[in-house]
Amino acid sequence: MANQNPSSIAYWRALTAGLWRENPTFRLLIGMCPPLAVTTAVKPALTMGLSVIFVLVCSNLAVSAMRNLLKPHLRIIMFTLSIATFVTIADLYLRAFQPEMSEVLGPYVPLIIVNCIIIFRAEVCASKANVLISILDGISFGTGFTIALCILAGIREILATGQFFGISVMPTAFVPCAAMQMPVGAFVTLGLLLGLTNLLTAKKAG
Amino acid sequence: MDRMYVLIMGFLSVVIVNNFVFTKFLGTCPYLGVSGRLDTAFGMGLAVTFVTALSGTLTWLVDYYILVRLGLEITRYICYIIVIAGAVQLVEMYVRKFWPPLYKSFGIFLPLISTNCVILGLCLFINIWGTDNLLEVTVLSTGAGIGFTVAICIMAAIRENMVMADVPECLKGAPITLITAGLLTLAFMGFAGMIK
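As they're listed, the protein sequences go chains Y and G. First residue of the first sequence? That's -10 in the numbering used here, and the numbers climb one at a time after it. First residue of the second sequence? That's 372 in the numbering used here, and the numbers climb one at a time after it.
Looking at chain Y on its own, in the form it has when it is part of the complex (with noise of 0.2 Å):
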């Protein structure tokens, strides 16, 4: 690695970041209402995450493009302009080509807008960095986001319904258990999920 220019190694931790060393859902324990929300099954749960990595990495690009214009006191007004801007159009196309899940979503969709992954990112990364920086960032927390819906999506199915992505995994004496797909199971399952992180980094660190 001895050859690698410092800036190739800024890329690398920005495309690093989101994944796990500051997974937003299960390290920094932010934007907590789509992962309790949507994830009650995994086809939703994979559509919110595209809908997010879509409107972090285009937010990322436009913020990052006129943060020399921006004026602090104006910063956070713009951030959330060109947010609602790019959450519109991902609402319409849903609406356009994905109808059903449109209609699983619901309101949670536009309220991508105030989730504050986005507005973080536009604060912490994309009004300091470059273009291609605050891309790669933008793809690195999104994916992590997706991964994050994705896991407590899937736990909540297997155990609501028996079934993975409408697909049977369980054998048939598997008891559904109704519980996980009302909000007392996304609570408990994302508690516990938390817990086991920590046990994880805290065997890592000691």
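Any given hint might turn out to be false.
To be verified - Computed footprint of chain Y on chain G, listed as stretches where at least three residues anywhere in the stretch have a Cβ under 8 Å from a Cβ of chain Y:
1) 389 to 403
2) 448 to 461
3) 495 to 506
4) 531 to 543
5) 548 to 561
Calculated from the structure, these hints are not laboratory results. Ideal Cβ positions, reconstructed from N, Cα and C, are used throughout, including at glycine.
Starting from the known structure of chain Y, arrange chain G on it as the hints suggest.
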């Protein structure tokens, strides 16, 4: 009389049965972040109630009288977010001027109210429910805020008592809070049959 009944039922429904935190998972960030102490939680709840009441009503007015009439529904999200950000700015200036200690204890969470999902979520749900009179909208918006206050205060009270509890090391902090929240939603599901 009939109208009064609808209003009261709508209010109870949005505070208890369809509580935004417990059934729609909105506002989970402050719910986990600011629920460490009861007085801060109560202040946060009040701030959110004020902003929801204000922005729920304002966005409905903007939507009903401007966007729908001019056929500009496509810009709905952008307009909502501008109205909400304006309302939050107003509350922030007010709190900073008149309750400096409260302002200090809020820390980063007060500006974050504008990116709090309760508020935008409420505006979107009012739009989905298709409510079409101003009084009902105001009652529902206030109710949503009060529901949030109830939820966050219960949580803060439990957490204050949990300080003494012997929680396994890896579950300390957010995980045990989430599990507690899960049990609370289970309790609140008992109200589900109360209102059709």
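Hint check results:
no.	hint	in the structure
1	389 to 403	holds (count 9)
2	448 to 461	holds (count 5)
3	495 to 506	holds (count 3)
4	531 to 543	holds (count 5)
5	548 to 561	holds (count 9)
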